[in-house]
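K.L.:
Listed below are the residues making up each chain.
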Amino acid sequence: MFLQQIINGLTVGGVYALIALGYTLVYGILELINFAHGEIYMIGAYLGIIFIGIFTAVGLTQYSLFLSLFLTFIMSVLVCSAYGFTVEKLAYKPLRNAPRLNPLISAIGVSIFLQNYVMLTQGATDKVFPHVLPVTIIEFYNVTMTTLQLFIIIVSLLLMAGLHLFIMKTKTGKAMRATAQDKVMASLLGINIDRIISVTFVIGSGLAAVAGLMVAMYYGLVNYSIGYIAGIKAFTAAVLGGIGSIPGAMIGGLVLGLIESLGAGYLSSEYKDAYAFIVLIVILLIKPTGLLGKTEGGRS
Amino acid sequence: MILEVRDLTKIFGGLKAIEEVSFKVKQGIILSVIGPNGAGKTTLFNCLTGVLSSTRGRVLFEGADATNKRAHEITAKGVARTFQNIRVFGSMTVLENVMIGQHLRSKEGLFTAILGTDTFRKEEDEIRSKALEYLEFAGIQDYADTLAENLPYGDQKRLEIARALATEPKLLLLDEPAAGMNPQETWELMELIKRIREWGKTVIIIEHDMKVVMGISDRIIVLDHGVKIAEGTPDEIRNNPYVIEAYLGKEEVG
Amino acid sequence: MKKILFMLWLSLLSMPFMGIKGGAYLFLGICASYGLYIFLANTFDRIKLPAVPFNAKIATTAAIISALILPFLMKDYYTDIAILAGIYIILALGVNIVIGFSGLLHLGFAAFYGIGAYSNALLTTSLGLDFWSALVLTLPLTSLAGFLLAFPSLRLRGDYLAIVTLGFGEIIRLVLNNWDSVTRGPNGISNIPSPVLLGFEIGRLTHYYYLVFGFVLIAAFVVKRVQRSRTGRAWLAIREDETAAESMGINTRKYKYMALTFGAFWAGLAGALFASKMHFVSPESFTFMESVFVVCMIILGGLGSVPGVILGSLILVLLPELLRDFQLYRMLALGVGLVLMMIFRPDGLIKKS
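Protein chains in written order, with my numbering: chain A, 1 to 300; chain B, 301 to 554; chain C, 555 to 907.
Don't take every hint at face value.
To be verified - Capping the alpha-carbon separation at 30 Å, the derived lysine-lysine pairs in DSSO-like fashion look like this: (1) B/Lys430 to B/Lys470; (2) B/Lys316 to A/Lys183; (3) C/Lys556 to A/Lys93; (4) B/Lys430 to B/Lys407; (5) C/Lys556 to A/Lys183; (6) A/Lys183 to A/Lys287; (7) A/Lys287 to C/Lys808; (8) B/Lys316 to A/Lys287; (9) C/Lys808 to B/Lys422; (10) A/Lys272 to A/Lys287; (11) B/Lys430 to C/Lys778; (12) B/Lys369 to A/Lys287; (13) C/Lys808 to C/Lys778; (14) B/Lys377 to C/Lys808; (15) A/Lys183 to A/Lys171; (16) A/Lys183 to C/Lys808; (17) C/Lys808 to B/Lys470; (18) B/Lys326 to B/Lys494; (19) C/Lys556 to A/Lys89; (20) B/Lys470 to B/Lys377; (21) A/Lys89 to C/Lys557; (22) C/Lys611 to B/Lys430; (23) A/Lys93 to A/Lys169; (24) B/Lys511 to B/Lys494; (25) C/Lys575 to A/Lys89; (26) A/Lys93 to A/Lys183; (27) B/Lys407 to C/Lys778; (28) A/Lys169 to A/Lys183; (29) C/Lys808 to B/Lys407; (30) A/Lys127 to C/Lys778; (31) C/Lys575 to C/Lys556; (32) B/Lys369 to B/Lys407; (33) C/Lys808 to B/Lys369; (34) A/Lys93 to C/Lys557; (35) B/Lys422 to C/Lys557; (36) B/Lys422 to B/Lys470; (37) B/Lys430 to C/Lys808; (38) A/Lys89 to A/Lys174; (39) C/Lys611 to B/Lys422.
No wet-lab data here; the hints were simulated from the structure.
Okay, chain A solo, but in the shape it has when bound:
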């Protein structure tokens, strides 16, 4: 039972971590809570269903399931990143020097827009991910785990490791870190801030797309309203780990997934969605800088 909950928790936690990275990356650079990020994830999930549908219709899935899934991943990530990129250009960039709450309100506007845009174009009912995946169950010590769960955990961990390498080793990654430290200094050093911000949104949205696609595969169906609650949970994960900290977002996501899964298993599943909020509030009150965040001096 316990081990089972751990595995379920890690699966969901990996997804939270991928979305949380998008929050943390953007917050690190713009100090903006990108409220629309949950919606980007939802769009990623829809794109997955739409593209696998197209590939199935043209017969590609029947020819090679692997190729079809691979292309679905690629296309969803590309289009979803384009959405993230466009949202930043249209709704956040004009507000870069405005008072801090204005971009947040703009982000809420984007979130409402995207939710209703998907509802109007794709319908208010659940969308089903086609039954193309073979389900194999792995069993050990009374614990069952599907290949899909294993796949989700592995992909999440790989992407996190990849992002970590990208941030630490590449030139763009270093520029991103410099921009997060000090924007003025970074621009004096010749870093193109606008480009770095765009890259940040593209990466964040791409990760959210993968998360969305995997959730669509895992639960088998998606709905236009999944973005809001997932967004809040992922934001909680980011805060839990220390917003702005990339390893923090990863750990925060996994921890939150575990808390939720254990809470639903041992306490009450009716309040499953409330655990995230309670964790969020407790963390912000006790240690607002999160598990891995830096502490600030002085008095607020």
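Take the given structure of chain A and dock chains B and C to it, following the hints.
P.N.:
Using the frame of chain A, we list chains B and C on its own:
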């Protein structure tokens, strides 16, 4: 002694912004705090006024403990301040800004305001007329109904002083009041500060403009890297070898 | 050329969702509306509108008189909507104290609205109290809720405060939804009685309209008075610059508590009116979207301005009803509207003086 500071220390994440600073301020004088950028002058002000809490040391105001109280409690004791970067309430009128200064000297609450009682009206009138007096004292009464953010820079600085005076302080702390002012405005400001002293108030100022410092100070304290390196009258400071080395040596003395 | 490419980009993006045809139509649609925008902007640039003399007293009197005679001219359907608008005005005035005056971006006000509605619903149905006795208990209760929930929120600033208050709002909604033995869960509470005033049951729409209108007048009057008092100035100072406000001797913590308590009071009143008007409450009416909707009202009208809040609430309640054929696009437009407001008119329709 209106103010006594004993071994005041503020550490920011391992970095000592001010270190064991001690000094006493006599009633009714103008004291200047000078020192190079980053010497800890504004940090000292922030610790004295409760904007920051100090790490160690004590602050006594009129003999009573005023260490690490919250800012509004310190204001209530009779200490007011202005800020280095102007912090007027931009989208309120000049008059309203000064009326806020009267907050502690008035007491009507929510319910009398809703009912519009006589005592409420009377107090509002008093606040308004007192605020106008302070505006006149600072010489910006013509702008009473202008939005504070639309005032010219120099007048915003005057507004900050008027607003601080409206809290009816015994001790007034001015953080770089002459910064960014032209010679004419600076001269008027010096006159204003002298009139505040004549009014019986004690003034501590942080200032870089040596003409102002030497022109109006009764005493001067010199900070360098968070440590007090000298204290004395303007003449003593001018001739202090430590000061010349640490600070004045690099700048022209007016 | 760059603009055309950008429009092409947008329609390409929409194709997975709208199909190839839909994307093409979108492209044509955006191009056409952009052309129309350019045309209108040029035309209006040439026509100089004469300045309309505006007198606040005359405008207020005219608004009150027309509001008084409106029910005689309107169909019941519109009276119904006007009542809803009135309830939203009271709610928005309360939220405005917190967001508009004190600058605290609170995103969980639906919670206080919900507490007010549920409290009145439960007191009248389970305990059999009448509307007024229930109201006398409901208002202190919601204010108390505002005060208690202020404690944890107020240690945080800016956007963190926004998220935590959102969390509180959601927790309250989840409690309403799951505490079956008291709130009857998602089924809600029905058969809430109409108010009785001086032995006269306020059952007809017109009567209810005047009841709500009376409360709107009281709320607007009280909030306006408080705004121009020592308390109101303290709130504004906190919004403008918290550190400077504290240095002026304002106990910022105390005044934030006051703002939330007082704001929750009005939300509770709005909730109680809503419950007795609908004769039914359920958790669905108190979602996060409801909080956002009210925030939109006060932003649209102009943060901190009482006439602005009233105007914003009226527009946001009436407009979707007048354009009922576009009902589906209501939320879509709301989202776009928020973004556009932030970019082009962050101060709202009525600029604060």
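K.L.:
Against each hint, give a clear statement of whether it holds in the structure.
P.N.:
Here is what the structure says about each hint:
Our distance criterion of 30 Å between C-alpha atoms is met by B/Lys430 and B/Lys470, whose separation comes to about 17 Å. As the CA atoms of B/Lys316 and A/Lys183 are separated by approximately 26 Å, the hinted pair is consistent with the 30 Å bound. Of the supplied pair hints, the one linking C/Lys556 and A/Lys93 holds, its CA atoms being roughly 17 Å apart against a limit of 30 Å. A threshold of 30 Å between alpha carbons decides the hint, and for B/Lys430 with B/Lys407 the separation of about 15 Å falls inside it, so the pair holds.
Distance hint between C/Lys556 and A/Lys183 is fulfilled; the C-alpha atoms sit about 28 Å from each other, no more than 30 Å. Between A/Lys183 and A/Lys287 the alpha-carbon distance is near 26 Å, which keeps this suggested pair within the 30 Å criterion. The straight-line distance between the Cα atoms of A/Lys287 and C/Lys808 is roughly 23 Å, inside the 30 Å bound, and the hint therefore holds. For the hint pairing B/Lys316 with A/Lys287, the CA-to-CA distance comes to about 24 Å; that is within 30 Å, so the pair holds.
At roughly 24 Å between alpha-carbon atoms, C/Lys808 and B/Lys422 fall within 30 Å of each other, so this suggested pair holds. With a CA separation close to 23 Å, the supplied pair A/Lys272 and A/Lys287 stays within the 30 Å bound. As the CA atoms of B/Lys430 and C/Lys778 are separated by approximately 23 Å, the hinted pair is consistent with the 30 Å bound. With a CA separation close to 23 Å, the supplied pair B/Lys369 and A/Lys287 stays within the 30 Å bound.
Of the supplied pair hints, the one linking C/Lys808 and C/Lys778 holds, its CA atoms being roughly 21 Å apart against a limit of 30 Å. In summary, the hint linking B/Lys377 to C/Lys808 is supported, as the alpha carbons are separated by about 18 Å, within the 30 Å threshold. Between A/Lys183 and A/Lys171, the direct Cα distance comes to roughly 16 Å. Compliance with the 30 Å bound is thereby established for this hinted pair. At most 30 Å may separate the alpha-carbon atoms for a hinted pair to count; A/Lys183 and C/Lys808 exceed this at roughly 36 Å.
Annotation: proposed proximity of C/Lys808 to B/Lys470 holds, straight-line Cα distance about 25 Å (limit 30 Å). Distance check on the hinted pair: B/Lys326 and B/Lys494 sit about 16 Å apart at the alpha-carbon level, within 30 Å; holds. Between C/Lys556 and A/Lys89 the CA atoms are separated by roughly 14 Å; this keeps the pair inside 30 Å, and the hint holds. For the hint pairing B/Lys470 with B/Lys377, the CA-to-CA distance comes to about 8 Å; that is within 30 Å, so the pair holds.
Pair hint A/Lys89 plus C/Lys557 holds up; C-alpha atoms about 13 Å apart against a cutoff of 30 Å. Our distance criterion of 30 Å between C-alpha atoms is met by C/Lys611 and B/Lys430, whose separation comes to about 28 Å. Restraint check for A/Lys93 and A/Lys169: the C-alpha separation of about 28 Å stays at or below 30 Å, so the hint holds. With a CA separation close to 14 Å, the supplied pair B/Lys511 and B/Lys494 stays within the 30 Å bound.
Proximity of C/Lys575 to A/Lys89 is assessed by CA-CA distance (about 25 Å); at most 30 Å being required, the pair is judged to hold. For the given pair, A/Lys93 sits about 15 Å from A/Lys183 by alpha-carbon distance, which is consistent with the 30 Å threshold. For the hint pairing B/Lys407 with C/Lys778, the CA-to-CA distance comes to about 19 Å; that is within 30 Å, so the pair holds. Between A/Lys169 and A/Lys183 the CA atoms are separated by roughly 20 Å; this keeps the pair inside 30 Å, and the hint holds.
The straight-line distance between the Cα atoms of C/Lys808 and B/Lys407 is roughly 14 Å, inside the 30 Å bound, and the hint therefore holds. Straight-line distance between C-alpha atoms of A/Lys127 and C/Lys778 comes to about 50 Å, which puts the hinted pair past the 30 Å bound. For the given pair, C/Lys575 sits about 23 Å from C/Lys556 by alpha-carbon distance, which is consistent with the 30 Å threshold. Annotation: proposed proximity of B/Lys369 to B/Lys407 holds, straight-line Cα distance about 21 Å (limit 30 Å).
The hinted pair formed by C/Lys808 and B/Lys369 meets the criterion: a straight-line CA distance of about 15 Å does not exceed 30 Å. Note on A/Lys93 and C/Lys557: the hinted pairing holds, with a Cα-Cα distance of about 17 Å set against a maximum of 30 Å. In summary, the hint linking B/Lys422 to C/Lys557 is not supported, as the alpha carbons are separated by about 61 Å, beyond the 30 Å threshold. Between B/Lys422 and B/Lys470 the alpha-carbon distance is near 26 Å, which keeps this suggested pair within the 30 Å criterion.
For the hint linking B/Lys430 to C/Lys808, the alpha-carbon distance of about 25 Å falls within 30 Å, and the restraint holds. Of the pairs offered as hints, the one joining A/Lys89 and A/Lys174 holds, with about 23 Å between alpha carbons and a cut-off of 30 Å not exceeded. Simply put, C/Lys611 and B/Lys422 have alpha-carbon atoms about 24 Å apart, close enough for the 30 Å limit, and the pair holds.
The structure is inconsistent with the numbered hints 16, 30 and 35, although it conforms to all the rest.
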